[in-house]
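Asker: Chains as they are written, first to last, in the numbering used here: chain U, 107 to 313; chain D, 832 to 1274.
Rather than coming from a laboratory, the hints here were simulated on the basis of the structure. Check each hint, because a few of them may be wrong.
Said to hold, decoys possible - Straight-line alpha carbon distances no greater than 25 Å define the calculated SDA-like cross-link-like pairs of lysine to any residue that follow: (1) K896(D) with V147(U); (2) K1145(D) with K1073(D); (3) K932(D) with R273(U); (4) K873(D) with H297(U); (5) K1218(D) with P868(D); (6) K1234(D) with G1222(D); (7) K891(D) with H297(U); (8) K1073(D) with K891(D).
Residues per chain, in single letters:
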Amino acid sequence: MVEPNARAGQARARGKGDMRLLKWIGGVTGFAAIVGVAVGVLVGAPVADEVDHYFSSDAFCSNTCHTMKDTVAAELHEASHWTRPSGVRAGCADCHVSKTLLGAYIDHVKGLRDLYATFVLGIDTVKEFEPLRPELADRVRFRMLGNDSKNCRSCHTMSAIRPEKKRGQRAHQTAVEEGLTCIICHYNLVHKEEPLSPAFEKVVAGD
Amino acid sequence: MNHRYARFFAASTALTIGALMSGPVLAAPPADWSKVPTETIKLFYPGQASYNWVRSSEHKRAFSKVERGEACASCHEDEEHDIGDEIVSGERLEPNPIKGKNGWVDLKVQVAYDGENAYFRFQWPTQMDRPGQMHDYIRFDGQKWAFYGGPRSSEKVRSGKEPPLYEDRLAMMVDDGSVKNFAAHGCWVTCHNGMRDMPDEPTAAEVQAQPLLGKNGLNEKDVRKYLPVSRTDDEASWDKTKSAEEIAQLKAHDGFVDLMQWRAARSNPVDMADDGYVLQYRLFDEGKGPFSWNVDRKTMIPKYMFDAGKVGMKSLTVDEIGDPSKPYALSLNENTAPYDANAGWKEGDVLPGRLLSRADATGSAADNKEVKGTWANSTWTVVWTRKMNTGHPGDDKILEDGKAYTFGFAVHDDNVTTRFHFVGFPVSIGFGTAGDIEATKVP
């Protein structure tokens, strides 16, 4: 017969063993987690970043599909956002892909529909692209309207803009006073001029 | 002569002299213009900024303001030089820029009036160091006559094949409030896609086939200024004209813009400006204006040459074009002689292809008979007398003391025509009332 004290001692010993086991498991798990996170950070983040970098590159955006290369990319290459004497250039993603990694991934996933349009719907020539331009332009304008022209503002600081001409100075003064976002005025930048949809016309007119 | 007759004669003579001396002084421009305030109107190069363009989203956010009838100047006051410089460079709205052309010109305007006339004095600098008073010249090539020179926008001048020869002009449009939006947008109300040298220009055949403008109507081969009210669609398309009856109704109710042009070659030599109006087209008033053709354009045979007995030469030579000591225009019966095909014409002889006549100018088209431009120090000065009431309300705007009118001014400088001119935003001129310019009342 075991003495109660002895049972208590055994129980304590067992309890200590359990604790040790738990600690050990906890330690291993914690270590694994740290290693995992470390590996994740050290390997996963750069990979994620590289993946984003690739899918945000002009090489991917403007050269993968003929339609982009022969239309909007060609237009960009003629635009002042591309031809600055200083050599500073805005690429496709600077205006069209979110600046946060998560946001960028959402945009890349959304971009899958372009693959769908190209390979399933067969929209892979300029002739087929042009009829869609009004709708696509409208979509981009409303996106910029919805996010307060976030991508414009990632490069341009409104309060620091000093237009050279009186027209620009006055327009910016109005924009600041009335809280107008960039796309309200700059709706035909970079790409071929595209008339506004009736819906966006209403937004611009302030109706 | 008995005493009674002598007294009657003396009294009659005295009364006649008295009446002449105390009668109304002949109305005349102010003797001293320095007493009339000078306003400067900034004219600028508009390129292809048509009525259609200013109402499109290419006109940035402003398209909705234009449609609401807000004035151009409500945004663009003092921006004229910037706009002109930008467009003339070809940066926008000018697909075929003229190298080296100025982007703007400042027009000095003085306005006075009395019970009978309005008096205008205009001054503006010219880009060329010579007055542009050569127009539609014809040159003998040894066999036949052919047009020589032209506006700077023409290919033969751009390529250097022929010299720039085109008259300088000053144009003014006037409205009394009858024409929608003219007070806000001025000349832009009259300028449309489809016109000469504007986007979407139709072919001559297309214009000829248009019922109102073509061979069954005005018999025109191109489209010139018109008012939106003369068209049926919202875009005021060149070919969507209202019926002749509807347009006649509009005209009868003052629905046109008065348009007068001083022309350095085609009116100034006979101290005139032309007189027209804009409604369904840019048309001349009833009657006969100061100029016509001096050459049959099918046979290219001239009608008149210079009278050697009066001016010492029967024609110019190419080298004498622009020589201030030589005549430059043919004024019927003043310096003309009937053309003589056997006068020993040599290659390089030049005649004006236009014939001017003050004496033959009649009717409403001849309302501007007191207009004189002089060119000195690279500046034109034009003094223009226009009757307040021309007596032709059917195609003129009648000016009244106590009222203000909207004026649009334009200058064609340095051998250009059509869109290659300088235009200003509209200004109001008040006669005995407030205006951007208040006319000075003179005795």
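Asker: Which numbered conditions among the earlier hints are violated in the structure presented, ordered from lowest to highest?
Answerer: When the structure is compared with the hints, numbers 1, 2, 4, 8 turn out to be violated.
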